[in-house]
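Dock chains B, C, D, E and F against chain A, hints included.
Number of protein chains: 6
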Amino acid sequence: MHIRVINPNTTAGMTATIGEAATRIASPGTRISATQPAHGPVSIESHFDEAISAVGVLEEVLAGERDDADAYVIACFGDPGLLAARELTRAPVIGIAEAAFHIATLISTRFSVVTTLGRTGIIAEHLLDQYGFRHHCRRVRAAEIPVLDLEENGDAALERLIAECRRARDEDGVGAIVLGCGGMADLTDEIGEAVGLPVVEGVTAAVKLAEALVGLGLGTSKHGDLAYPRPKPFIGNFERFSNLQPGR
Amino acid sequence: MHIRVINPNTTAGMTATIGEAATRIASPGTRISATQPAHGPVSIESHFDEAISAVGVLEEVLAGERDDADAYVIACFGDPGLLAARELTRAPVIGIAEAAFHIATLISTRFSVVTTLGRTGIIAEHLLDQYGFRHHCRRVRAAEIPVLDLEENGDAALERLIAECRRARDEDGVGAIVLGCGGMADLTDEIGEAVGLPVVEGVTAAVKLAEALVGLGLGTSKHGDLAYPRPKPFIGNFERFSNLQPGR
Amino acid sequence: MHIRVINPNTTAGMTATIGEAATRIASPGTRISATQPAHGPVSIESHFDEAISAVGVLEEVLAGERDDADAYVIACFGDPGLLAARELTRAPVIGIAEAAFHIATLISTRFSVVTTLGRTGIIAEHLLDQYGFRHHCRRVRAAEIPVLDLEENGDAALERLIAECRRARDEDGVGAIVLGCGGMADLTDEIGEAVGLPVVEGVTAAVKLAEALVGLGLGTSKHGDLAYPRPKPFIGNFERFSNLQPGR
Amino acid sequence: MHIRVINPNTTAGMTATIGEAATRIASPGTRISATQPAHGPVSIESHFDEAISAVGVLEEVLAGERDDADAYVIACFGDPGLLAARELTRAPVIGIAEAAFHIATLISTRFSVVTTLGRTGIIAEHLLDQYGFRHHCRRVRAAEIPVLDLEENGDAALERLIAECRRARDEDGVGAIVLGCGGMADLTDEIGEAVGLPVVEGVTAAVKLAEALVGLGLGTSKHGDLAYPRPKPFIGNFERFSNLQPGR
Amino acid sequence: MHIRVINPNTTAGMTATIGEAATRIASPGTRISATQPAHGPVSIESHFDEAISAVGVLEEVLAGERDDADAYVIACFGDPGLLAARELTRAPVIGIAEAAFHIATLISTRFSVVTTLGRTGIIAEHLLDQYGFRHHCRRVRAAEIPVLDLEENGDAALERLIAECRRARDEDGVGAIVLGCGGMADLTDEIGEAVGLPVVEGVTAAVKLAEALVGLGLGTSKHGDLAYPRPKPFIGNFERFSNLQPGR
Amino acid sequence: MHIRVINPNTTAGMTATIGEAATRIASPGTRISATQPAHGPVSIESHFDEAISAVGVLEEVLAGERDDADAYVIACFGDPGLLAARELTRAPVIGIAEAAFHIATLISTRFSVVTTLGRTGIIAEHLLDQYGFRHHCRRVRAAEIPVLDLEENGDAALERLIAECRRARDEDGVGAIVLGCGGMADLTDEIGEAVGLPVVEGVTAAVKLAEALVGLGLGTSKHGDLAYPRPKPFIGNFERFSNLQPGR
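Protein chains in written order, with numbering that gives the first Met the number 0: chain A, 0 to 247; chain B, 0 to 247; chain C, 0 to 247; chain D, 0 to 247; chain E, 0 to 247; chain F, 0 to 247.
One copy or two, it doesn't matter: identical chains are merged, so the pair holds either way.
Straight line, CA to CA, 16 Å or less: simulated EDC-like cross-link-like pairs of lysine to aspartate or glutamate: (1) Lys231 / Glu151; (2) Lys231 / Asp148; (3) Lys221 / Asp169; (4) Lys221 / Glu192.
No wet-lab data here; the hints were simulated from the structure.
Chain A with its partners taken away, still in its complex shape (with noise of 0.2 Å):
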């Protein structure tokens, strides 16, 4: 089985990150590739940002089915392009995001989310809203540290994330902690040590569903709304684009 695992920014560490913990959790039978596009933001830390990103997104998801990889995972916790890269293929795609909310909801009745910046909480918001999520969480934390942080400044982004998960541990009333940021892929264990409950973390969560779904034999529905997208012309530098075919 293969596994890509898209890292939807352009930083390589944090591709190498994401790649080493999905490999680490992956089943025996299971590659992983560890991808990032080509062209877009360094980290993602805002709507903007992660709009740029989807177009990357969806070019590894294209990569990905020339390379007939049978199941995908968005590695930012925005979940960004999801809808439209499960347009793109009949493998599942799953976001991070939306795993580690899955996940969190069988071990737990109630579980905090501890991101990074302020300013994206929201995004984790609408997710949980859109998921079905929205009181499964408790609340949306955030430590204020700069996704780049975690890859340059990593002791003191612990440090702060530790502390963030501990007031959500004490304050919250919540039995599980949902790490909201592809980033903190390889802090986990740290993180779940320190803070005595258990932690859940999106790049894994995925891989492991990406496995659950593969084993059953079911791909993204190509009945109704994530059909194939009708094939059309696109202009200028997405030209690339025009009468695309996925799957045919």
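Here is chains B, C, D, E and F on its own, set in the frame of chain A:
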């Protein structure tokens, strides 16, 4: 990995059906043990049946704890005893309704449920509400088949199920169908082929989610409201639950 | 009119407390019979306790049917076995959480719940959701008192309850407080006086709602999903439920 | 106990119908006084009618306060002036829509409403939302009968109501039907017999809920947003409300 | 274009304040006529005040119809009589709470409301629910200022408002603040400058929405539940509403 | 006032249609500039088309900033890139789906949407949820017309739209209809006349809301989660977005 799949009713034939489906879908390293309570109803078609069956489910979880099960599946579409079962163990516990709903939302934007008897539809609706999927489910449909007809009168039951699933496909605007009974675990493929859109079945979905959770090293949170029950006296027929110390 | 008030736990002292509160509030023509299961936990403080206690509740309803009860009250704040109990009878069945929530919304726009242990708060939240009162309840608070302390350690418990109720009054912006445990049935007046806003207690509320329903000539609908359960075999310890024909 | 049943419209025949239904259902110790405003519309079939009728309702509550009423029923299905009325008194005030919805949820998991004119359906929907019962109501149906036809053209109206209630029973998957107009208070039995499932009527439901609240010693909370209105000048035709000091 | 701005209370000073704010914001071709009822409360601080004031609002709409108004603004934050007023006219009718909420969601993802008295907070909450903005509003705050203090005690009131708005800015995680009283119409700029984030005031917002609707050629739908009320007798003080035929 | 109306697809004919509709509805002092991206799909009929088109929308907003636009309209019914666009400017940004929904709720209690292809219905549903209008919309209907048929096959498309709108009027119990595609901007009057109830079209609605916001002196909040994106490197084709400093 040892997953204990608990059929909450006491019909051995259905336990076999469920166990076989679970075994077929399990990953190489996974051992499935399919069990059923020693005490309870032969089928679950009402809140009453469900309440009684929950006791058997809990006994089977306690037995599984002595047997070092790594995860549990509750294989009745009402998820009887789910939160109580979670209290008894650090291992993950997955209900098949829950599992099917989660999986269906990962491959479609909207799904319908096709269950056995109309009177059990409300059970599915309450679960959809509790799990957060009210708006992902377009409609809960019933084929009006008594549960044991799935065992005893398979061909006619299959025909009715396929007919109802086709109505769901044609009228509900959905991308996937969720089968609403553990006893349908062996019919998924046939229904899927006849209906032509993804059909999600709970037993198989739950096994894969259980594998995913064990693979992630995550189990039921013991912090907060799913902690082990406080040990205390029980009297009468339930004296055996006195001063229960699961996990210790 | 005969109202059977079922204490779902097996502590006789609490049954007495509940029975006395029910009797005190009952109308002249109403006879209260307070009962408790022969089998089950001495207190209900978890989903597990609740699941086991539901069996006893259902036995007591079946006994009540033989005894021509006109209505039933389930006197534990988790309303264990409520929908299953309704299936067994044409008579009304009222849970005390349900009763208290309904009554509280008739005298205030918003209320808070003060319950025993924090871990049971989720049970109240799930019920608020199912009954439709999520937004009428500002907060579910816990005084962190084990249930039996209400019996055995009454003064200290009362003090903690009053303190928590006062915090609800001062911080939550509510017009009423709901007491979240059947064992508080004898404390309503004292708490109400100490706190100075309406305090709604479930046992008394449920008795009056049961009287109201009987007075209206209304009982549990036997049309649709609360119809009598289909008779069927039960095995093992539950064989006595085989081919049950309540109401016939 | 003295319950003042206020017919918000000014049709004496309907006040009599309502008063008789209330009296028939009242408990031995309960005295019913049925009143109607001196000023207002002969029937209530729009938001406009309702807004004007609210003034009459409030006058009748103030009159009831001088008359030591123990509880109030607002006998129009839009519950006109309900929260304002509650501000004027420590006694309980119950709207008949509210009452019927509450009672219906105690005997069924889902109900439908059958009201008079389609244009008033939105009023019922807004109340269902505000009270929390949106999801307990499957459908708001209208028999398209002007309210006064219930008085003047009784047989034809009854026939249409029964036909609509039967459609609700057969198509909506409900366990109970709520009658959506105070003027139907004398038709409950006939409809119930013709339809064969529980029919909940608001006037009778409200009388019993009022008795229940008085029996519990509970009245409208004066703590918070239902406290007595701040006394102040009113001018013009409403000068009589100046410096109102209800309850003092 | 003629917009009739109705101050639902009877305090001329507040009508002047509101009228000036409306005039200042109106487009060149727009004529504002600010009116107030001849009958009613001097301020609106309770459900009771609001119910009485609705009559005056409706009279002013009827007067506006005779005066060929093109649109109406109801300038009290509870939007008293809004749906009833819509029934009386083909012209658009805009409430100021409604207007402010709509506008706030167009410039921010989340907002808080700062109103006068805590007891009126519930009115705002009910409107948020009815209009669909429950989740866009983080918090309804009160500065605990009686409405007329805005007129009579302006400096102190302004200071308290600014303080409360700053708390909203610092604690609520919002991008905008909604002022919750028509009497604040002249304070928007000062508050906005002191607080440093967008402050949305309802009177000005409603005038611009009314202009927008008139510009679009859109008015209140007369198809369905906002159609003109059915003409009928009214008695007593309200006889003048008998056989009303607005729009004809 | 300069409003930049952005057609997110790259079909010049549709840009013209939209621009003309916008110009016709604009107030005297308003200048409309209708633009379209240099890069992207010729029509938007899927999540994929929408994700790609968002880039073009954002480019057009950035271009508008250099051109001192006072407000922006995103003229595709999926509101592609809306929140990202808001981050890029202090000016108001209005999506046409959003605009149409807001306006429809001001003139009716319930509306239906009539859109082009069934597969895009889910996009409208997600927006209704996010904006808070889920319960104001009775139904999202599709006339099953490809978007460009509105340009190329106008008469047949118009006929199908009118037929679907009439079904909405007759079956859905609504007071208004929302047209679900920017390409319908020139059809509003014809449809409105044929259908006989208010028809709300998003381009025109958005222009008037944009004028309203500019008139109020209100723009996108730069406090909190819609603040300008943090400047940062972008690579590849998107390098031009590096260290973007909009508004500075």
